[in-house]
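4 protein chains.
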Amino acid sequence: MTFTASVVGGSGFTGGELLRLLDGHPEFEIVQATSRSETNRTVGHSHPNLRHLDLRFSHPEDLAGVDVLFAATPHGVSMEQIDRFREAAGTVVDLSADFRLDRETQYEEWYDGHSRPELLQEAVYALPELTRDELPGAGIIASGGCNATATILGLLPLFEGEVLAGDEQIVVDVKVGSSEGGAGGGEASAHPERSGVVRPYAPTGHRHEAEIEQLLDIEVSFTVHAVGMIRGATATCHVFPGEPVSKADLWGAYRGSYADEPFVEIVSGGGGVYRYPEPKAVAGTNRAEVGFELDPGNGRLVAFSAIDNMMKGSAGQAVHAANIALGIEETAGLEFRGLHPVGAP
Amino acid sequence: MTFTASVVGGSGFTGGELLRLLDGHPEFEIVQATSRSETNRTVGHSHPNLRHLDLRFSHPEDLAGVDVLFAATPHGVSMEQIDRFREAAGTVVDLSADFRLDRETQYEEWYDGHSRPELLQEAVYALPELTRDELPGAGIIASGGCNATATILGLLPLFEGEVLAGDEQIVVDVKVGSSEGGAGGGEASAHPERSGVVRPYAPTGHRHEAEIEQLLDIEVSFTVHAVGMIRGATATCHVFPGEPVSKADLWGAYRGSYADEPFVEIVSGGGGVYRYPEPKAVAGTNRAEVGFELDPGNGRLVAFSAIDNMMKGSAGQAVHAANIALGIEETAGLEFRGLHPVGAP
Amino acid sequence: MTFTASVVGGSGFTGGELLRLLDGHPEFEIVQATSRSETNRTVGHSHPNLRHLDLRFSHPEDLAGVDVLFAATPHGVSMEQIDRFREAAGTVVDLSADFRLDRETQYEEWYDGHSRPELLQEAVYALPELTRDELPGAGIIASGGCNATATILGLLPLFEGEVLAGDEQIVVDVKVGSSEGGAGGGEASAHPERSGVVRPYAPTGHRHEAEIEQLLDIEVSFTVHAVGMIRGATATCHVFPGEPVSKADLWGAYRGSYADEPFVEIVSGGGGVYRYPEPKAVAGTNRAEVGFELDPGNGRLVAFSAIDNMMKGSAGQAVHAANIALGIEETAGLEFRGLHPVGAP
Amino acid sequence: MTFTASVVGGSGFTGGELLRLLDGHPEFEIVQATSRSETNRTVGHSHPNLRHLDLRFSHPEDLAGVDVLFAATPHGVSMEQIDRFREAAGTVVDLSADFRLDRETQYEEWYDGHSRPELLQEAVYALPELTRDELPGAGIIASGGCNATATILGLLPLFEGEVLAGDEQIVVDVKVGSSEGGAGGGEASAHPERSGVVRPYAPTGHRHEAEIEQLLDIEVSFTVHAVGMIRGATATCHVFPGEPVSKADLWGAYRGSYADEPFVEIVSGGGGVYRYPEPKAVAGTNRAEVGFELDPGNGRLVAFSAIDNMMKGSAGQAVHAANIALGIEETAGLEFRGLHPVGAP
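Chains as they are written, first to last, in this note's numbering: chain D, 11 to 355; chain P, 11 to 355; chain Z, 11 to 355; chain A, 11 to 355.
In isolation and in its complexed conformation, chain D is listed as follows (with noise of 0.2 Å):
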């Protein structure tokens, strides 16, 4: 059986994600993807690797009925088009923060309120490893933002695993590459003044601490920088137990929320170059690195969590989730392993 897919917001930079990851993918047919700035221009013109495709960009007015809609528009789109995607589809994916959060005064503290509030409990956010169970037959889908994926599936097993009890003192310091900024970019996102670069760009106060507190019940201490690659995220997580923890017990911990889990690998103090996660080793694919290390000394322990925030942090989660949603085989699609060597992708 084959679903019928949309993409709203195709130009930019996780629309042409989601393109490439649907036109790959068995169980899914591309029916139209929208650009307000492209419209009527091919697909391949804005991303090289689909000149392929046979397909140009809709005027996002002109929406196709189809079985999926996955939205990648700017925060702010969703919330107002929501039922025209709704109308248009059964199944609507948000990649914006329009739908994360649960309640209406989390979007006055962090962004800049809500206009469709009482849809928020309907919404389903997705990081599967999470919240599968919730998202068979969701109508609206709020796929997790990226560096609230990769802290929290860092943090994941030591609440699961009960080596944290949750008020435990959490700093979370985030390296993010460009794509981040997206595909307008400013002046700070120039070639010459973005190479190279290791820049507090959310010194403090990041919109996706709002997310990790909800989903883990926690409070973290949150900072991103962006460095020099262009793809990745990836989460230092410096935590501190109120007892001691031994290695056992943390393997433990991250074999019982990851063992069976197809997108997610523990990578931990072995040989070779990649020893702990590296956003690098995930480019390109759905895939997370997790890993950990103690500090006895200090009575710490850190998480590493690495991923490629085009992929398990937007559009490869969101085509995770509407796997699951729609009942397809969970990893279709996504099954790329990425490349050896690979440089700052």
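Any given hint might turn out to be false.
Because identical chains share one entry, a pair is satisfied inside a single copy or across any pair of copies.
To be verified - In silico lysine to any residue, SDA-like type, Cα no more than 25 Å apart, as pairs:
| # | residue 1 | residue 2 |
| --- | --- | --- |
| 1 | K257 | W120 |
| 2 | K257 | D305 |
| 3 | K257 | Q179 |
| 4 | K257 | E172 |
Keep in mind the hints are simulated off the structure, nothing from the lab.
Given the coordinates of chain D, work out where chains P, Z and A should sit on it, guided by the hints.
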């Protein structure tokens, strides 16, 4: 039907790329990977994208019997081991330069001679766009060199389309990524020294010049620069036709050669960011992009050609050749279309 | 004695580089920097390396009287403003292309015409290694273009040393960094799109071809690629002398031209990692490296030349020219020799 | 007055940087540079920016008598050679870790013990912003480590300004460039493997933790990542003060510590592209940038600090210390303010 395959020299970059492709190939089953230095270690120890494989490197002395043996060994090894390779496999695909040239005298001129010259005529040079017909049933396949492949693909239509006669002045200025140096690397390959270079690493006399001249029966002036990327080889071919050429002539020639080729795309002066061939746009794929521009004021024609040196320039081309040799669908296992955006992969 | 100086267009990359050099120059005092978009902001707001300067941008309408005015404005501005510039300063050093060519017809062919053609003969083209004698006392100095400077420095000894007659086939393949695109930058300059490219950005017909042909009185086939670095322009000149040339001839020619030049170094085939000219090795400096290699089999000679496009290719060359014009020590303010190791600066 | 100087270990990255600084220093004359592996080769063979120096490496057994000897040798060499060094020079500036810690027990805990523990108390740790007063006349100067220097400079005002008492939870997350690995480099340092990484290279237990704890008399939880740049070390210090802190408190503390420091600049939340400390902005200079941000919701304070690990983190700091020790102007030879734009230097 499934063919069994082995990779000799599996811990190097090219060996890893072969294993990645064979792992995802519907018609191949990996039976063995060898590595002298990594014997008994897992394949994932060398290649983080292959950690899911339940496979350890064998010692190269212990060759299993297979349908196809891929040799990803340094120059000189295959000519010494060819009898053992052929004993182990009915089809040997050699990725080194050992069987690419036709005559012993060429090896004396460009390399250090050849120990098995009687086999040179038997071996088939694999650059399917040019030598497809010779591949079915071949016993020794010499997969074309990366820089030679980029250059030949850029120039081929000019000869097939009779734009050039073969005696014109041809300058080929090639730019390559750091993966061409292989997994070892010396002082010049260390990140602080290699990062961001434009380095004339073969100002003149690069050995691939011999392949180009043999395959196209021409003379070329060939120069290779190392530039700031990991994967990629791009050839800029400056050509001076004897008579004026039109854009229509060129489109005719390139379409004539490549319209039906599954892995070659003509990219020549369209809109958007990616208007001519770029190695970024083909990174991780077996695709080649070719394009051209006229310079009437100088009586010049510039042809551009971009490939991923690890794929169309080595492992991808080898698998493509094996597909043809064994009667498998040509594109099997080579469908990946690449990522956008992507950095310096 | 100290000269007063101003920089028109001070918030761009080249303007910032001029301010940096003038700030560290023993004989210049910065009186004014103008910027239309950044008026009243500090210089350090645009240029983090200049935060120590107690200087705010003036509006470009309010020009102070100075000894030397450096114009770092886009093409077309200087020809419109030249009367105001000359009213403000006895010496105008223009870093745009507005006064580089000799004849109105050249501007009609390569640009969009010229509004003050009567001044073209008066302006002196500044590439001191070639035009040093014309600079003392000049009123309008047109600082040589970056890609033209790299190319001319690579080829000059071949003509001065009579290795070439001037009617030979010459192909120049240039590779440049992203700073050539300036501080604005559009979609193609955004980090995710620009990072790691080898992009034919001027396949044919780059405007600097006109400068080269004028200065050397030759024809060149000129192609420019954007590659993975920020600063740097390197020219690979493929030349076919009419008669055989020896290494000794070349050393003689290059030493003849450059032995006494303070900013040109011959780097040609020595040992170590840096054996030929490389833009990394001159980044941040006013130095040029030139070198060469013979390809007897093809009757070819390859000349390499590397500069920092922001320095020897623009701001450094402008200060060098001003030094000469005003009778200051040539190397004053330009002594920085560069860093090692250094990445892709 | 001019002081004579030598560099032991001159062919490595740090040795080259010392030679560059001493060459441009008005008060030092380079008498000797030693290198075991490059004996008799020119200094320019190792360092392309020093080709103008008429100097060949001596064998390290043949030490000339000088005023100051700079030792840029691997850990363990200086403690073995210290008597010879002191015989050769009245002032020994050691850039290794051999004399940085105060007590033998620290070397037993963090290193492999110490062969000359009786000298530890005599040696002066050089981080002039903290230990300036101890430097004049010192015989053994232990130049502070790169990651320790970045961290200490970020945290110091919090203690000097009594924002912190010393028993608070402090997490330091450091990001460093590839030059920290030195000129040798193994497989993990090869360009294809090292390019574009965010690699946890010292997840816990980095030796510089000992320096920080000794100098500031605190406990820190310390983690170091390798990221995509060549030069640079930046520390993100996550701190949890016991009582609420205001921005005014922080400005007061940082200004109190650094207002008169020639090499430290407070960069904290201004406009433009460069709003917080960034290693790019100090590359090639002896400057440190420090800044901070409050996170009231988490009771957290984040302090940022960025240096060039080759300069303020080693060679620049060593020269700065020597300037103070010998009564030279502090900033002599260290005036370079850096480039803009600049890539990943």
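Checked hints:
1. Proximity of K257 and W120 under a CA criterion of 25 Å is satisfied inter-copy only: 21 Å between copies versus 37 Å inside one chain copy.
2. Within a single copy, K257 and D305 get their C-alpha atoms as close as 11 Å, which meets the 25 Å cut-off; across copies the closest is 32 Å, which misses it.
3. Proximity of K257 and Q179 under a CA criterion of 25 Å is satisfied in both settings, with 20 Å inside one chain copy and 23 Å between copies.
4. When the C-alpha separation of K257 and E172 is checked against a cutoff of 25 Å, the pair qualifies only within one copy, where the shortest distance is 14 Å, while the shortest distance between copies is 37 Å.
Hint compliance for this structure: no hint is broken.
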